[in-house]
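Protein chains: 2
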Amino acid sequence: MSTPANPLRIDADRLWQSLMDLARIGATPKGGVCRIALTDEDKAGRDQVVQWFQEAGLAVRIDEVGNVFGRRAGTDPQARAVATGSHIDTQPTGGKFDGNYGVMAGLEVVRTLNAQGIQTVAPLEVAFWTNEEGTRFTPVMMGSGAFAGVFGAEDICSQQDGAGITVGAELERIGYRGTVACGDVPGGPFAAYFEAHIEQGPVLEAYDKPIGVVSGALGQQWYDVTVTGMDAHAGPTPMDLRHDAMLAAARMMDAVNRIALDEAPHGRGTVGHVQVLPNSRNVIPGQVKFTVDFRNLSQDGLDRMDLGMRTQFAQLAAQCQCSVALEQVVKFEPCVFHADCVASVRHAAEQLGYAHMDVVSGAGHDAVYVHGVSPTGMIFVPCKDGISHNEIEDAKAEHLAAGCNVLLHAMLERAGIA
Amino acid sequence: MSTPANPLRIDADRLWQSLMDLARIGATPKGGVCRIALTDEDKAGRDQVVQWFQEAGLAVRIDEVGNVFGRRAGTDPQARAVATGSHIDTQPTGGKFDGNYGVMAGLEVVRTLNAQGIQTVAPLEVAFWTNEEGTRFTPVMMGSGAFAGVFGAEDICSQQDGAGITVGAELERIGYRGTVACGDVPGGPFAAYFEAHIEQGPVLEAYDKPIGVVSGALGQQWYDVTVTGMDAHAGPTPMDLRHDAMLAAARMMDAVNRIALDEAPHGRGTVGHVQVLPNSRNVIPGQVKFTVDFRNLSQDGLDRMDLGMRTQFAQLAAQCQCSVALEQVVKFEPCVFHADCVASVRHAAEQLGYAHMDVVSGAGHDAVYVHGVSPTGMIFVPCKDGISHNEIEDAKAEHLAAGCNVLLHAMLERAGIA
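Protein sequences, first through last, are from chains A and B. Mapping the first sequence onto UniProt numbering, position 9 (from 1) lands on 9, and the numbers just tick up by one. Mapping the second sequence onto UniProt numbering, position 85 (from 1) lands on 85, and the numbers just tick up by one.
Hint data in this document are derived by calculation from the structure and do not stem from the laboratory. Fair warning: there could be bad hints in the mix.
Which copy is meant is left open, so a pair is good if it fits within one copy or across any two.
DSS-like mimics (lysine-lysine), calculated; alpha carbons at most 30 Å apart, straight line [stated by the list, open to error]:
| no. | residue 1 | residue 2 |
| --- | --- | --- |
| 1 | 30 | 331 |
| 2 | 384 | 289 |
| 3 | 384 | 30 |
| 4 | 331 | 396 |
| 5 | 30 | 289 |
| 6 | 396 | 289 |
| 7 | 396 | 43 |
Hey, can you work out the whole structure from these sequences and the hints?
Right, dumping it as structure tokens:
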């Protein structure tokens, strides 16, 4: 049993084994997983996890957009549930851990409590959310967004993939179009929601910490930028008579970097996509389109980045005798997780004696949407070289176990032991 | 007749009409011309020009690589020919004037002399060179390069297009595989070669000069550059842990511009082609490939640019925790045209009362290869907005006539009136 000196721990081997078992469904030759939302592979993965939920005694509930919840009763029938979860859909060349870890960790918490015969005061729930990755159907984080009321269930069900097939039709086909209204939880909204996830970045590894106490998630503002000059023959056009869209764009890319560095440590600026026209070796580019991805932990910070970009881009375009047009295409507001949930994660890590550090999530997660309707916190564990969305995504069994132990104790703190 | 006060002039309307007639062969709906080397359209264009040559009394000679020469006898059977020419092949979406102008101007010189009954001491020749554009078959400026001995005729004839068809087979098919050895001219190498061409740049228009006296052509050094970093998720990867290949490449592109500006007025630096991997909006690029096109009027200048680039690229790559690899893929040496030919062009412009300025050619031309084996000069006339290799390529009839008048008098000065 658990004592202050020797706290309860999950079964690290069982957790690892369930991750490896789940990874066989949609396994790729390079060691990754392809289990795209609402495909046959997703159905097979869902069926497996639901079977495990039921074997662990969880009561399974499915909502209108295919989110699945497994509930373990508490001793207080009036108490609101303490929940955890993540997603089991993957990128086309995804890994074994992104999302899957959070769901298997939740299952392992339940199995551990079952094995130890521990009852909680509040009910516990383990969820997996539909289509977090957004590979086949947009928007990303579809299920948790609908659960939080950001999207309407009907709108979500009418979203189409590239072949014109709707989310609703695919949910029907694979048997996961439930009847529970989105956001409806027996006894009322979650008392707390925790999500364990691989970091998908290099910070924990760089600082050699097995546990990241996630204080919040960066807001995101994405832009499409078009720089227009005049294409001309690279030889006969002297430097001073050029309208070189690539030169202007290159200087803007450097400005994106400087703007992000000015917002250290949380500001991030990335140019990931570039298209050059006509893209010919001896023609001065007449047009360059590129993307900007700005992230920051405060809306004030994002506003400063937006203004700095608009001001500098206009100057740099004029400097190169070009024009520039900007369109904002995505916006996610910054999120600061609930102080009580963050404290429970930190307390659990301390109780367990794990080295830990406060981190922010640079990526979006289902937890960010759930945060809109319930107190929420996240637990990060390191992943190898910070790589995810990749078949070589990897994580150490000891780190995965540490994160799961932290999840166990954070949930127990919020739910109370009966 | 010609007097110092009223020098002989070509027939501007006839020159314009022959340009418009030739432009009907391979005409495109947008007003341009598509007459790619050694296609049926090229054959039709060649047949038309040869017919005009013969109607003008020129003796036609075809060499092993399909270069065509029309010869007008001089009074001195020992004298070496004074020649002119250019090309009639075009880009896929080419214009009416690039190349075609130089050939029609040469024909107009002959027609003018015929109409005035003027005999020259030296023979005159009008040439058109095979495959200047290099669109279907490489290398570019194939015919003049073979004429100058830079390429072997057999090597050229075995060059293949994308479908595996050889230059030799296509020359046979269209009836232009001649028997004259490349570089073989009756009476010996040209005494002088002049090429009239649209500028393909904006300088003459910007300075409002109808005539450019071309003093030389820029040397060219082209490179393929590969910047390698590490692709990573744009959100969770802090700025200081990135290996952002796009950031490094953007700074290198700015350096290319500064290196060229340091070599004003003749230095030119262009990044025309860019490829980003994986080119996804929210992924830090792991690799960027781009091209560099450096031009300058001296080899010393090109050497400085090369060294500056290598030094700065290495520093910029290291600054961004990336690596860089450079490969030089093309080299054309700078060319200074023959002082006597340049003087004849300038003298003709002065004699005719045309505003003129010394310019350099930023692009390659057949004249640059011919310069290797004979004294050579070029005449530029303005083209609208400096645009060529484009269906909207345009030039004013009065400028084309002026350039042709300069060609006439430059050739007469070198050939001598009998």
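*Going through the earlier hints one by one, which of them does the structure break, listed in rising order?*
1, 4 and 6
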